[in-house]
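Colleague: Residue numbers (the working numbering), protein chains in the order written: chain A, 1 to 135; chain B, 1001 to 1135; chain C, 2001 to 2135; chain D, 3001 to 3135.
Be careful, since some hints might not be right.
Said to hold, decoys possible - Within a straight-line C-alpha distance of at most 20 Å, the following computed EDC-like cross-link-like pairs (lysine to aspartate or glutamate) qualify:
1) Lys2060(C) to Glu1106(B)
2) Lys60(A) to Glu3100(D)
3) Lys117(A) to Glu3100(D)
4) Lys1060(B) to Glu2008(C)
5) Lys3104(D) to Glu90(A)
6) Lys2060(C) to Glu1090(B)
7) Lys2060(C) to Glu1100(B)
8) Lys1117(B) to Glu2100(C)
9) Lys108(A) to Glu3106(D)
10) Lys104(A) to Glu3106(D)
11) Lys3060(D) to Glu100(A)
12) Lys1117(B) to Asp1052(B)
13) Lys3060(D) to Glu94(A)
14) Lys3060(D) to Glu90(A)
15) Lys2108(C) to Glu1106(B)
16) Lys1108(B) to Glu2106(C)
17) Lys2117(C) to Glu1100(B)
18) Lys1060(B) to Glu1033(B)
19) Lys60(A) to Glu3008(D)
Simulated from the structure, these hints should not be mistaken for lab results. All of these numbers come straight from a predicted model, not from anything done at the bench.
4 protein chains.
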Amino acid sequence: MSTIHETEIRVRYQDADGMGIVHHSKYLVFFEEARVAMTRDAGYPYRQMEEDGLFFAVAKITCQYIAPARFEDLLRVKTTIKMLGLAKIEHLYELYRGEELLAKGEAKLAAVDRDGKPRMIPDFFIKRYLNPSIE
Amino acid sequence: MSTIHETEIRVRYQDADGMGIVHHSKYLVFFEEARVAMTRDAGYPYRQMEEDGLFFAVAKITCQYIAPARFEDLLRVKTTIKMLGLAKIEHLYELYRGEELLAKGEAKLAAVDRDGKPRMIPDFFIKRYLNPSIE
Amino acid sequence: MSTIHETEIRVRYQDADGMGIVHHSKYLVFFEEARVAMTRDAGYPYRQMEEDGLFFAVAKITCQYIAPARFEDLLRVKTTIKMLGLAKIEHLYELYRGEELLAKGEAKLAAVDRDGKPRMIPDFFIKRYLNPSIE
Amino acid sequence: MSTIHETEIRVRYQDADGMGIVHHSKYLVFFEEARVAMTRDAGYPYRQMEEDGLFFAVAKITCQYIAPARFEDLLRVKTTIKMLGLAKIEHLYELYRGEELLAKGEAKLAAVDRDGKPRMIPDFFIKRYLNPSIE
Chain A
1 MSTIHETEIR
11 VRYQDADGMG
21 IVHHSKYLVF
31 FEEARVAMTR
41 DAGYPYRQME
51 EDGLFFAVAK
61 ITCQYIAPAR
71 FEDLLRVKTT
81 IKMLGLAKIE
91 HLYELYRGEE
101 LLAKGEAKLA
111 AVDRDGKPRM
121 IPDFFIKRYL
131 NPSIE
Chain B
1001 MSTIHETEIR
1011 VRYQDADGMG
1021 IVHHSKYLVF
1031 FEEARVAMTR
1041 DAGYPYRQME
1051 EDGLFFAVAK
1061 ITCQYIAPAR
1071 FEDLLRVKTT
1081 IKMLGLAKIE
1091 HLYELYRGEE
1101 LLAKGEAKLA
1111 AVDRDGKPRM
1121 IPDFFIKRYL
1131 NPSIE
Chain C
2001 MSTIHETEIR
2011 VRYQDADGMG
2021 IVHHSKYLVF
2031 FEEARVAMTR
2041 DAGYPYRQME
2051 EDGLFFAVAK
2061 ITCQYIAPAR
2071 FEDLLRVKTT
2081 IKMLGLAKIE
2091 HLYELYRGEE
2101 LLAKGEAKLA
2111 AVDRDGKPRM
2121 IPDFFIKRYL
2131 NPSIE
Chain D
3001 MSTIHETEIR
3011 VRYQDADGMG
3021 IVHHSKYLVF
3031 FEEARVAMTR
3041 DAGYPYRQME
3051 EDGLFFAVAK
3061 ITCQYIAPAR
3071 FEDLLRVKTT
3081 IKMLGLAKIE
3091 HLYELYRGEE
3101 LLAKGEAKLA
3111 AVDRDGKPRM
3121 IPDFFIKRYL
3131 NPSIE
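Just chain A, with the same shape it has in the complex (with noise of 0.2 Å):
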């Protein structure tokens, strides 16, 4: 699965802590702000989707740090699908400034219902996510 999708983001000055550098609960803000534009982009947005009755929990998170971002930078963020399940997706993120690359993330969400039980992904949802070109 390779679908790949990019989304800038502008470091807020609240987003920097007392060391001056970003604080790192923020790289997980930042990949949820990539997906959020990505479903955006494929036609979905989340806000239509959450009145619909359809959210996605983070089951899971990892987030490698390997170089601090800094307040007003204007990071990139590359998400790749690495599966997408009947109810559940997984994304790789990656967050550039320029060419460098800060760090590397990975999240396992499930779909759910208002309650949190677990939810199918409609099948337009899919078609769309994978290949945001199509009607």
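Given the structure of chain A, go ahead and fit chains B, C and D onto it with the hints provided.
Modeller: Frame of chain A, contents of chains B, C and D only:
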């Protein structure tokens, strides 16, 4: 009106920003924690309240920053009820580290339902809120 | 004084709170992003400024909440310089979604050095800030 | 190695996201609070440590989400030292609400100086950290 409530708050590492001091937006989070604790101590926790369909929306906030709070500080918020109406509450907040006053704030809150429409504050809550010691 | 600046801000998923709307403390983060962008566009990025030992500490903030911002909204902050002194700046902020005014804010900022002591705002910055188009 | 430390954490209103449950990035903030409390209880507060030029940079983090934490929950983090090297620490974290396990995490931390260069962990700190009861 003079009901006063005090809450202790431990500054988290992530509350500080790149200047090494608590980010100014976090003072609003501290004030919120103070009113949440005040409500809990009045015997009607926010979570219960929200399950009952009662929410408090912030209509206006003011904060004056006097001296910076720092990471690991154990702070104290003194909350005073300035006004309590049928569907409105106004609070004054004073944030202290020991005897040093770090900030002063003021919030106007509107009682609303799940859709953001005005809602009466229940009578029993007003009584408990003004006098937490009554049963 | 009438210099006006506009900045676009995309609401992050994590900016919303348990009520499903943007947490009221995040508006202060949006106003901050607006002034940071304003400074960057005036040719003197905050990061450079902080490396030069010039910081802006928030002395007072006010925010009036008119209508809720939601996740994935693309917002626009209109910043007006209300006052510009030797070591002080006052801003007015208006937060819009399309043509709808969501919030109005005001910030008093004090120019300080690394130790929080008052510092003069450099003359060249004042000129550029008031007229970003000059070289 | 079996030194274990426990810390209580009160979930703030602002820790929850639009799904009404604690945002997954906040678990990393809770783990951080646990190690900060552990260090404080070992007699060498983070703030003192940072003034001495010793910082802990997160090199890798993993978190497995088992059940959601909610607003106002009083949580407990159980931290175990998995590895303690000359310039590295590895922790295991377990997050509980009462007896219910909500999440499990793991962090690899690197001791660095102000410029992010590797630094030896002081001997006296290792001793206290492994045995907080010694003088």
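Colleague: Let me make sure I understand: some of the numbered hints might not hold for this structure. Which ones are they, in numerical order?
Modeller: Hints 4 and 19 contradicted; others consistent.
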